[in-house]
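Engineer: Residue numbers (my numbering), protein chains in the order written: chain A, 1 to 115; chain B, 1 to 114.
Derived from the structure by calculation, the hints contain no laboratory data. Where a beta carbon is used, it is the ideal one built from N, C-alpha and C, also for glycine. Each hint should be verified, as a subset may be incorrect.
[What the hints assert, rightly or not] With the C-beta cut set under 7 Å, the calculated list includes, among others, these residues of chain B facing chain A:
| # | residue |
| --- | --- |
| 1 | Ala1 |
| 2 | Gln42 |
| 3 | Leu44 |
| 4 | Leu46 |
| 5 | Phe104 |
| 6 | Ala106 |
| 7 | Arg109 |
[To be verified] Straight-line alpha carbon distances no greater than 30 Å define the calculated BS3-like cross-link-like pairs of lysine-lysine that follow:
| # | chain 1 | residue 1 | chain 2 | residue 2 |
| --- | --- | --- | --- | --- |
| 8 | B | Lys69 | A | Lys42 |
| 9 | A | Lys42 | B | Lys58 |
| 10 | B | Lys49 | B | Lys69 |
[Stated by the list, open to error] Over the 12 Å line for every Cβ pair with chain B, so calculated as not near, a few chain A residues:
| # | residue |
| --- | --- |
| 11 | Gln17 |
| 12 | Leu46 |
| 13 | Glu68 |
| 14 | Gly72 |
| 15 | Ser73 |
| 16 | Lys78 |
| 17 | Lys83 |
| 18 | Glu85 |
| 19 | Asp86 |
| 20 | Thr102 |
| 21 | Glu103 |
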Amino acid sequence: EPEVTQTPSHQVTQMGQEVILRCVPISNHLYFYWYRQILGQKVEFLVSFYNNEISEKSEIFDDQFSVERPDGSNFTLKIRSTKLEDSAMYFCASSEQAGQSTEAFFGQGTRLTVV
Amino acid sequence: AQSVTQLGSHVSVSEGALVLLRCNYSSSVPPYLFWYVQYPNQGLQLLLKYTTGATLVKGINGFEAEFKKSETSFHLTKPSAHMSDAAEYFCAVSRAGGYNKLIFGAGTRLAVHP
């Protein structure tokens, strides 16, 4: 069964360092998303991406964040200068179509710890 | 704005007992509603979704949910809990318009004991 894969599963980084979280969406999907979940809090939308550009982003997704689809298979989230409060589980998702009823498939997540 | 409230961050049931996980939503437009499950060390998996039509929705693993507009609720039920149902469950609403942005509740951790 096709699945979204994320690497690494865990990442520890020092405050101020750049980190790149990687995702391989399902191959025929066209819409890509990043969500995050701070420990003990809700899963929050960060950004959606379609046709090589951001289609929507949340208030959380400030200038420290960027996304990229560097090739035909990967979708990355970069945090330029990590802060302690960036520590969270980051989920990548993809969907075949846009639209409210389309199912988004989620990866297993990357747990980012900023020390 | 849309929001989701899940009542009870932790629910504990006996094996074979009814599972009831509560979800209430707020939306100014007709919502699309989802339940996702997260097993330990795994990603979010869709259990079921309501879009339009029949208000009682059946999902995987014997779960179902009923959309009640008058109560703004979308509670998740399963008649008989199994040990393997122990997981975290998230209710989510899809925002009107735009892409498939999901707004999640805080989650409910279900424990099943023998």
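Engineer: Next step is simple, just say for each hint if it's right about the structure.
Structural biologist: Against the structure, the hints:
1. Ala1: For B:Ala1, the interface hint is violated, since the closest Cβ of chain A sits about 12 Å away, which is over 7 Å.
2. Gln42: holds (6 Å)
3. Leu44: At about 4 Å, which falls below the 7 Å cut-off, the nearest Cβ of chain A leaves the hint on B:Leu44 intact, so it holds.
4. Leu46: holds (5 Å)
5. Phe104: holds (4 Å)
6. Ala106: holds (5 Å)
7. Arg109: Because about 11 Å separates B:Arg109 from the closest Cβ in chain A, which is outside the 7 Å limit, the hint is violated.
8. B:Lys69 x A:Lys42: Between B:Lys69 and A:Lys42 the Cα gap is close to 24 Å, so the pair holds against 30 Å.
9. A:Lys42 x B:Lys58: Distance of about 25 Å is within 30 Å: holds.
10. B:Lys49 x B:Lys69: With Cα atoms ~15 Å apart, B:Lys49 and B:Lys69 stay inside 30 Å; holds.
11. Gln17: The claim stands: A:Gln17 keeps its Cβ more than 12 Å from every Cβ of chain B (closest is about 25 Å).
12. Leu46: A:Leu46 is in fact no farther than 12 Å from some Cβ atom of chain B, at 10 Å.
13. Glu68: For A:Glu68, whose nearest Cβ neighbour in chain B is about 18 Å away, the distance exceeds 12 Å, so it holds.
14. Gly72: holds (20 Å)
15. Ser73: holds (18 Å)
16. Lys78: holds (21 Å)
17. Lys83: holds (23 Å)
18. Glu85: holds (18 Å)
19. Asp86: Holds, because the least Cβ-Cβ distance between A:Asp86 and chain B comes to about 19 Å, which exceeds 12 Å.
20. Thr102: Non-interface label on A:Thr102 violated, nearest chain B Cβ at 5 Å vs cutoff 12 Å.
21. Glu103: At about 5 Å from chain B, A:Glu103 fails to clear the 12 Å cut-off, so the statement is violated.
Of the numbered hints listed earlier, those contradicted by the structure are 1, 7, 12, 20, 21.
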